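Chains as they are written, first to last, in this note's numbering: chain D, 356 to 467; chain V, 207 to 318.
Treat the hints loosely; a few may be bogus.
The calculated SDA-like cross-link candidates involving lysine to any residue, where the alpha carbons are at most 20 Å apart (straight line), are [what the hints assert, rightly or not]:
#1 V:Lys260 <-> D:Glu455
#2 V:Lys262 <-> D:Gln392
#3 V:Lys274 <-> V:Ser255
#4 V:Lys243 <-> D:Gln392
#5 V:Lys243 <-> D:Thr360
Quick look at which bits of chain V chain D covers, simulated, 3 or more residues with Cβ under 8 Å [what the hints assert, rightly or not]:
#6 245-252
#7 304-313
Source of the hints: derived by calculation from the structure; they are not laboratory data.
On a predicted model such as this, the values are computed, not experimentally measured, just so you know.
All C-beta atoms in this analysis are idealised placements derived from N, C-alpha and C, irrespective of residue type, glycine included.
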Amino acid sequence: KAGVTQTPRYLIKTRGQQVTLSCSPISGHRSVSWYQQTPGQGLQFLFEYFSETQRNKGNFPGRFSGRQFSNSRSEMNVSTLELGDSALYLCASRLDGTYEQYFGPGTRLTVT
Amino acid sequence: DQQVKQNSPSLSVQEGRISILNCDYTNSMFDYFLWYKKYPAEGPTFLISISSIKDKNEDGRFTVFLNKSAKHLSLHIVPSQPGDSAVYFCAAQLNQGGKLIFGQGTELSVKP
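In isolation and in its complexed conformation, chain D is listed as follows:
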């Protein structure tokens, strides 16, 4: 079974721009969660989607948003990018009714 895939793997953007990251979960997994990893804050939860609905949200500003499609693929969007948004963005999927989350390789976002 194919794992979680994320595109693009690397991205360089300028302050003030917006960015959209994409995630395809493991086949059959309907829950998709997004995390941000930075050296200072570690791994932090952004939000979770299930059946096209946001089910859980972390403590991030409204510039961070996401959505999920009927095929369970998910996108996250960051608007008005700031230098502090430079991070590794990770997507994880899980089978509903289970706890284990399986992560993709991440998208490395650099904001200049």
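Fit chain V to the supplied structure of chain D, relying on the hints for placement.
Coordinates of chain V only, in the frame set by chain D:
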């Protein structure tokens, strides 16, 4: 408020010996705990998990122990191999929600 803590940023072990990675938590309502292994610029890889109703779970060379009264869990790797060298994260979850709360990670180095 750091609900999940890994107090040792690094650990060095000789090949063939036991590696013990520790994790403490503050929220007694956590009902599931997971360990992940991570290489730089990659997503975390799920290793092993334990429900709060158990005190031990074993999978090959990996064993996780949970001490609820002390709010402490540990990951034992026996025998340690050079390929185990990576950053290990413990994570906790509440009520099967999609939000994993991660510790800061412990970098394990296994010397040949």
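These are the hints, each one checked on the structure:
no.: 1; hint: V:Lys260 <-> D:Glu455; result: holds, 16 Å
no.: 2; hint: V:Lys262 <-> D:Gln392; result: violated, 29 Å
no.: 3; hint: V:Lys274 <-> V:Ser255; result: holds, 15 Å
no.: 4; hint: V:Lys243 <-> D:Gln392; result: holds, 14 Å
no.: 5; hint: V:Lys243 <-> D:Thr360; result: holds, 18 Å
no.: 6; hint: 245-252; result: holds (count 6)
no.: 7; hint: 304-313; result: holds (count 8)
Consistency note: the structure conflicts with earlier hint 2 alone.
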